[in-house]
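**Q** Single-letter residue listing:
Number of protein chains: 2
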Amino acid sequence: MRVEVLAVGTELLLGQIVDTNSAWIGEQLATAGLDCLYQAKVGDNHGRLVQALRDALSRADAVIVCGGLGPTPDDLSREALAEVLGVTLELDDELAVRIESMFSARGRVMPMNNLRQAEVPAGAVVIEQRLGTAPGLICELAPRSPSDGRKVVYAVPGVPYEMKEMIERAVLPDLARRAGEPAVILSRTLRTWGMTESGLAETIAARVDAQTNPTIAFLASGIEGIKVRITAKAPTTDAARELVDAAAAQLLDIFGDVVFSANDEPMEAAVAHELTRLGLTLGVAESLTGGLVASRLVAVAGASEWFRGAVVAYDSSVKRSILGVDDGPVVSEAAAVQMARGVAAAVGSSVGLALTGVAGPDAAEGHAPGTVCIGWWLADTVGADDTADTAGAANARAALADGRSGAVTVSLPGDRERVRQYATITALDLLRRELRSS
Amino acid sequence: MRVEVLAVGTELLLGQIVDTNSAWIGEQLATAGLDCLYQAKVGDNHGRLVQALRDALSRADAVIVCGGLGPTPDDLSREALAEVLGVTLELDDELAVRIESMFSARGRVMPMNNLRQAEVPAGAVVIEQRLGTAPGLICELAPRSPSDGRKVVYAVPGVPYEMKEMIERAVLPDLARRAGEPAVILSRTLRTWGMTESGLAETIAARVDAQTNPTIAFLASGIEGIKVRITAKAPTTDAARELVDAAAAQLLDIFGDVVFSANDEPMEAAVAHELTRLGLTLGVAESLTGGLVASRLVAVAGASEWFRGAVVAYDSSVKRSILGVDDGPVVSEAAAVQMARGVAAAVGSSVGLALTGVAGPDAAEGHAPGTVCIGWWLADTVGADDTADTAGAANARAALADGRSGAVTVSLPGDRERVRQYATITALDLLRRELRSS
Chain A
21 MRVEVLAVGT ELLLGQIVDT NSAWIGEQLA TAGLDCLYQA KVGDNHGRLV QALRDALSRA
81 DAVIVCGGLG PTPDDLSREA LAEVLGVTLE LDDELAVRIE SMFSARGRVM PMNNLRQAEV
141 PAGAVVIEQR LGTAPGLICE LAPRSPSDGR KVVYAVPGVP YEMKEMIERA VLPDLARRAG
201 EPAVILSRTL RTWGMTESGL AETIAARVDA QTNPTIAFLA SGIEGIKVRI TAKAPTTDAA
261 RELVDAAAAQ LLDIFGDVVF SANDEPMEAA VAHELTRLGL TLGVAESLTG GLVASRLVAV
321 AGASEWFRGA VVAYDSSVKR SILGVDDGPV VSEAAAVQMA RGVAAAVGSS VGLALTGVAG
381 PDAAEGHAPG TVCIGWWLAD TVGADDTADT AGAANARAAL ADGRSGAVTV SLPGDRERVR
441 QYATITALDL LRRELRSS
Chain D
21 MRVEVLAVGT ELLLGQIVDT NSAWIGEQLA TAGLDCLYQA KVGDNHGRLV QALRDALSRA
81 DAVIVCGGLG PTPDDLSREA LAEVLGVTLE LDDELAVRIE SMFSARGRVM PMNNLRQAEV
141 PAGAVVIEQR LGTAPGLICE LAPRSPSDGR KVVYAVPGVP YEMKEMIERA VLPDLARRAG
201 EPAVILSRTL RTWGMTESGL AETIAARVDA QTNPTIAFLA SGIEGIKVRI TAKAPTTDAA
261 RELVDAAAAQ LLDIFGDVVF SANDEPMEAA VAHELTRLGL TLGVAESLTG GLVASRLVAV
321 AGASEWFRGA VVAYDSSVKR SILGVDDGPV VSEAAAVQMA RGVAAAVGSS VGLALTGVAG
381 PDAAEGHAPG TVCIGWWLAD TVGADDTADT AGAANARAAL ADGRSGAVTV SLPGDRERVR
441 QYATITALDL LRRELRSS
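As you go down the protein sequences, you meet chains A and D in turn.
Going letter by letter, the first sequence gives residues 21 to 458 in my numbering.
Going letter by letter, the second sequence gives residues 21 to 458 in my numbering.
Just so you know, not all the hints are guaranteed correct.
Chain copies aren't distinguished; within one or between two, either way the pair holds.
[What the hints assert, rightly or not] The calculated EDC-like cross-link candidates involving lysine to aspartate or glutamate, where the alpha carbons are at most 20 Å apart (straight line), are:
(1) Lys171 / Glu385
(2) Lys247 / Asp265
(3) Lys184 / Glu385
(4) Lys247 / Asp258
(5) Lys184 / Glu437
(6) Lys184 / Asp435
(7) Lys184 / Glu262
(8) Lys247 / Glu31
(9) Lys247 / Glu114
(10) Lys247 / Glu47
(11) Lys184 / Glu454
(12) Lys171 / Glu31
(13) Lys247 / Glu437
(14) Lys184 / Glu217
(15) Lys247 / Glu222
What the hints contain is simulated information worked out from the structure, not anything from laboratory work.
These figures come from a predicted structure and were not determined experimentally.
Whole structure, please, built from the sequences with the hints as guidance.
**A** Next comes the structure, spelled out in structure tokens:
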């Protein structure tokens, strides 16, 4: 079954907004085993929208129109759909009442414009809108000849979170039903770091080639590593879940430590899991990354349970005054370990992670841009952090003197921004691996 | 003149990569006064690529094909172009030598595949590739009748920085020449923060409506504010520059402090300019933003001239131990000022900026999510920082006790991530305004 995506909005053509919706929908369609061979963007113009819709329907069995369902006169998807279907727009009383009540519930009067959102092409099925005001639509076209299948157009809002909710709840199940697919398509994503796509693929080549259900796909995600997506089709959710989980268990066994999440979570969540499992708290000392490591960690909900704080020691004097780094080179493994230990003492945590290096564009201390030293420090006595927070830095440092530490030096490619991003995920992965083996 | 963009690559349809190229090209075309009414994505398939190219040429005067120029067998843009033009591919000896020498200059042997990149459709003009190996192409189509203009297809690489360089250097000037536009189209972007798009537009409504050269356009950029783009056309660069600069001077006069950059720079660059102008150094204390403010500042090249460091005091105990915040509520303007002053003392800077607040999802200290207090502190004596770096935090704090300070409390909308991003730019803008008036 062929599905096309048509993104509607002049702002997309002008580049004021990047169309991320089509990419997301394309990913969902691929996961569901549906072909998406063509995607297009068209502006808020009735004639061109109608033509683009007709072109798409001439090639595909189904078209998803994304956007143009708002309340203003330049939202034209409803009118264009009606013209292509050869029907009129009719006011749906139930929808009108629902939209009006959404406004009154917030103590506001509904602008008359919003009534346009209650108009639907005659015969269309309404997809209930649960997050905003614009309802979605499912419109079947009359077949050209009795032997033809019925083509279908879906209209969904352009607001990403409204669109995603509607696609998952209503559009994908409807498409699967029409495609005669088993009722349930389920996928699970493992996330890996430290191996190339071809390396991963080679490791399981025989398995991937032989396997048709579940299927295994690799998705490169830039510096965030490679995703391994397992997708199964089955008559029931339980059966699909069982297929997916069995394949996941096998892959986890084969890939081992390379997998940092078995459920599509980011690297910082993996670090959070390990810290929580061990009952440890973390402090971070950064230099070239300037707070990137800390800001990723704080993005994890519930970070206050295990994240104490960070020191961005950008100037060398700060490395010495707050973190207690000795005089001498600051781009070194010794300095990285001192920073890790120093920040643990300063913020009263049981674990310290530190980065020092050269982001570029210029070299520093004789090291080329991209040279980054990452150090870690772990207190011997878990629980020592409980006593450290009221003591001065010097006392705490003494109390935490007993611990294990380590450091690595890496050479990272790319420009200033890329080196900083790469250093961030490299350090998080190093800490994850260290904690896993603790 | 109508121009369409055709992005080529199966990975775009599968959603493995978001197509940002088309949006960028659309923005450039709009700036150049060229219509772009349709953009499409097609996969690495010869038949469909040929058909998509023919469809685009049936509607438009020019088509920009983006991607599919690589060395591997699934890079099909050259072959598709040759078929649409009705010509054969020919090996361009000069290109072959050039590509081979690029490899040998790096001490590598050229894979035979790369010779494919030296093949061009007969009669095509080659756009020199300055950053990678894939050359671009300009292909004119034979007119259908003597009265018709010649349609044209441009092929550029899909790698964004290679594509951008080629579009700016070769494609836009060629399009402008064909469109009969004045030789030079120049634009300049002012960046504003703190006013809505409609507010800005109303302020200069009469001017915008009356003006045809230069034109003025507003571009919403999410939490980064509203861009105001001034675009002029003229026979020479000097004449275009004069028009743009005169309009920019007028708008700067009207908008005043709302403009944070007169040359499309981000907010952190504006802060950097003010600090450099005043010869001051900065320290940042963060809580809910977890390092986002510091990481934006460190992204500015040359940040080491004025950025000392930051303390992410996520846990309350860190606010007290390193930053010297008194016992009591930490989501308060008093705490924000103490944090700002405390971090300046701790890192030895002449200016301190601090944020404390509630990112959500839960309330804290009786404050709703989105409540953020931002404090700043400025040393009375510029230069005091020179003596602070070797002294202990307590000494430095005493030496820097004399200063001015201030704080505000804001209520920010959105979820946890949005609140953190919004708080970051709000704090940077507050500091920028404070420094401007210093």
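**Q** Look at each hint and say if it fits the structure.
**A** Against the structure, the hints come out as follows:
1. Neither within a single protomer nor between protomers do Lys171 and Glu385 lie at most 20 Å apart by alpha-carbon distance, with minima of 66 Å and 56 Å respectively.
2. For the identical chains of this complex, Lys247 and Asp265 are intra-copy neighbours only, at 16 Å inside a copy versus 48 Å across copies, given an alpha-carbon limit of 20 Å.
3. Taking identical chains as interchangeable, the C-alpha atoms of Lys184 and Glu385 are never at most 20 Å apart, the minima being 50 Å within one chain and 35 Å between chains.
4. For a Cα distance limit of 20 Å, the shortest separation of Lys247 from Asp258 qualifies neither inside one copy, at 24 Å, nor across copies, at 51 Å.
5. Within a single copy, Lys184 and Glu437 get their C-alpha atoms only as close as 31 Å, which misses the 20 Å cut-off; across copies the closest is 19 Å, which meets it.
6. Taking the shortest alpha-carbon separations for Lys184 and Asp435, only the inter-copy value of 17 Å comes in at or below 20 Å, while the best intra-copy value is 34 Å.
7. For a Cα distance limit of 20 Å, the shortest separation of Lys184 from Glu262 qualifies neither inside one copy, at 25 Å, nor across copies, at 47 Å.
8. Within a single copy, Lys247 and Glu31 get their C-alpha atoms only as close as 31 Å, which misses the 20 Å cut-off; across copies the closest is 14 Å, which meets it.
9. Taking CA atoms no more than 20 Å apart as the test, Lys247 paired with Glu114 passes in neither setting, with 44 Å inside one copy and 41 Å between copies.
10. In this assembly of identical chains, the alpha carbons of Lys247 and Glu47 lie at most 20 Å apart only when taken from the same copy (13 Å versus 32 Å across copies).
11. With identical chains, the CA atoms of Lys184 and Glu454 are never at most 20 Å apart, being 37 Å at best within one copy and 42 Å at best between copies.
12. Taking CA atoms no more than 20 Å apart as the test, Lys171 paired with Glu31 passes in neither setting, with 29 Å inside one copy and 26 Å between copies.
13. Taking the closest pair of Cα atoms, Lys247 and Glu437 never come within 20 Å of each other, the shortest separation being 23 Å inside a single copy and 23 Å across copies.
14. For the identical chains of this complex, Lys184 and Glu217 are neighbours neither inside a copy (28 Å) nor across copies (27 Å), given an alpha-carbon limit of 20 Å.
15. Within a single copy, Lys247 and Glu222 get their C-alpha atoms as close as 15 Å, which meets the 20 Å cut-off; across copies the closest is 48 Å, which misses it.
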